[in-house]
Amino acid sequence: MLLDIQSLSHKYQSGKNTKFAIKSLSLQVEPGILGLLGPNGAGKSSLMRILATITKPSQGNIFWQGQDIIKSPQILRKELGYLPQYFGVYDQLSGIEFLQYIASLKGLDKAKADHTIEALLHKLNLTHAANMPLKGYSGGMKQRIGIAQALLNDPKLLIIDEPTVGLDPQERANFRQLLSELAGERCIIFSTHIVADVESIADRIAIMHSGQLIQAESPSTLIHKLDNKCWKLTANLTELKHIQHEFIVSHSVRKESKVELNIVADYCPDARAISRAPSLEDAYLYFTSNRQAPTGYARAS
Amino acid sequence: MNQLWQLISADFKQRTRQQSFVVTLLAMSVLTLLFFPSPDAHYQTLVINGYRGIYNSAWLGVCLAMLNVLFLPIICFYLVKNALELDRQSMTGELIAATPISKLAFLLAKWCTSVLILASIVLVMLLSSVLIQLYYGESYQINLWALAWPQIVFVLPILLAISAIAIMFESIKWLKGGLGNVVYFFLWIGSIVQTIESVSGIGALLDHLEGEVAERFPLKQGDTNIGVSISNEANEINTFVWQGIEPTIMHLWGALPVLFICLCCLILAFIFFDRFSINSMPENKRTSWFNFTLKTKVEGLLDIVFIALTKHFAFTRLLRLELKLILKGHSMYWFVGLLVLNVFQLFISQQLLISLILPISWLWCVLVISQLGQLEKQSNTLELVTYSKQSSILQSLASYCAGWILLALVSIGSVVRFTGSAEWLLLVQLIIAISFTVSLAYFCGAFTGTKRMFEVLYPALWYLGPIQTALYVDFFGVNSQASWQAGIPYYFLVISISLLMLTINAKRTP
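The listed protein sequences correspond, in order, to chains L and Y. Per my numbering, the very first residue in the first sequence carries number 10; after that it's consecutive. Per my numbering, the very first residue in the second sequence carries number 214; after that it's consecutive.
Incorrect hints may have been included.
Derived DEER-like restraints, expressed as beta-carbon distance ranges [stated by the list, open to error]:
1) Y:511 with L:50: 28 to 36 Å
2) L:80 with Y:421: 55 to 63 Å
3) L:128 with Y:662: 34 to 42 Å
4) Y:318 with L:65: 20 to 28 Å
Keep in mind that the hints were calculated from the coordinates and are not lab data. Yeah, the Cβ is synthetic: ideal placement off N, Cα and C, and Gly gets one too.
Given the sequences, and given the hints that come with them, work out the whole structure.
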């Protein structure tokens, strides 16, 4: 089972200029969870829509188990579960009716659909609200209905775009647990810009920036790439602005008149700085940051 | 088949579990009631040589079918022209696009749901007609078959066709919005009435009725009217007992042209439906050089002038932004059209100006001013706007004035002409017509939350009033003298102010 993305580009017109939402992106997706990270506007949602066969790319090929899904999208749709970043529901229907509707669109027979719906509602803690109209659901409940509809056909490829938006911490933890259980033999592409959401569950992390794929590694490899690039510095509050301007600051904690900073830099930013273990968040910030080498700030030798 | 039924069932539930559907059913019941007037009413519906049948099941069945064939195409089209829009607006389109459902199965399900919705409306009308028969008591014998068969033979094919036409309009990019609403209205006015009469088979039935009445009552007793005729005198109408006829194979053959239209529309819908593809999203739309240059250069320049003119008062600043809001996103060709219409207004004859060019100029703005009153709801900014606005009255007035200025801009040529020739009464009529149009747009938008109501209602008023010069609905007063004599401008002025006040009041309540 394999999703093979080859030299994928997608451009759009913005005024007089042609802009690339995705530029020459190649990626192979194996069974397991692929965390797709990138800042807003990186092209994650465009890629998701193309993979979900909703948008046709300008260039490139996508093969699902060796078959071209740009030419024959129906091949993938039968095995696809998709949760877009922004989606709506038929608010006059109850949760169970809406899932029955989506099950029909996916071509599931009624008996199988009813059984799956019941199991999913239970798994997503929605059984109590199953017969309530969706217009009465909270944001988190609607998000869970969205997740349930994506899982209805037991998809071999599950594409979920920013699924944890609107979920409370407990629901987010449950959702990560659910994804880990689901992973097995299927491919899951999980797009987010919240690093903590993918840190513990992703087998591979792909980082996108300005429409390009800049990294695609396992979390541990990505973290290793930042060995000797992460520093802890306790600085005066007055220095904070200047340091933030010069370096990537991944975390800061105020301690009385001082501030404790986690800095990511290719070299030691200050004589007071001490080396620390890198995290995935450091790696994400390091690879997506456009900052240039600092000028005029004291370099530690 | 089971899959199709599931789709239809869910779609039907979503579209009928709305308050508006219940209101529609009630309104159609009332319409049915109105279509069967009491013998001493000031209007009559189906009258042949001064006679009408007694209100028995046979007569009511045929009359109801005639009412439906004439009016359902216009009413029902707008009721079901939201099958695909519902998925786009509720943002379920992307979920649907990623499923393996075929375009054909999806469109068929949508079409069947629309047919079911319309059939349920006709069913309610049918039940209402049973009550009407019992109420008038001219015959207490209820014959359900006599009531129902004209609906099955003549009305059902029309329902199938309307649903297909609505889906086709929604599938074609340039017909799915407000333009489609206006285009359909004129199609109906221009040709559909005749087409339906000749292709639905009801024309043959009416011929049969006329023949039977002529045979039984050869002397001329009065007029023949199909539709609604208003008389000032309450003349008692002659009645006769009509036992009805049985449907024949010829009646069924009569429905074939309508079914053919239905099939063609479904095929076109299948060809043009984009399956909620995101390729049609604005980010992928190519902007023409002409549009781009005018938009960036001319618009920028005009905006600088407007900013300078309006910057001193809170109201004028708000007014500029409201005007900008309703004008944003429209093609530059629309603005060029606005200019061209003004040039025409300056140089054509006055008769042609007031009877044609000026009304056309207002119609040119229908799709722009239909946004009034509902923009916040459509763009989901209701909560942001509600808590931000300093004064709801100020904001409402700014919206209203923006619409007013727009219509004034499209009428500048006429204002110059009327002022130049000292036609002060015409100038007052023009001001009242603009005020009424904007008030109506604002009212419809605010109370329905959609553009559709105004986009349907205004062309209807426009056609009956300024174009057909029906005195009581001519909000402009093309026959100026007759209009002033009947006091029509005063009525429309009062209506304009009332609508505006109602809307402002509604907007004040959160």
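Consistency of the hints with the structure:
{"no.": "1", "hint": "Y:511 with L:50: 28 to 36 Å", "result": "30 Å, holds"}
{"no.": "2", "hint": "L:80 with Y:421: 55 to 63 Å", "result": "57 Å, holds"}
{"no.": "3", "hint": "L:128 with Y:662: 34 to 42 Å", "result": "38 Å, holds"}
{"no.": "4", "hint": "Y:318 with L:65: 20 to 28 Å", "result": "21 Å, holds"}
Going down the numbered hints, you'll see the structure goes against none, and every one checks out.
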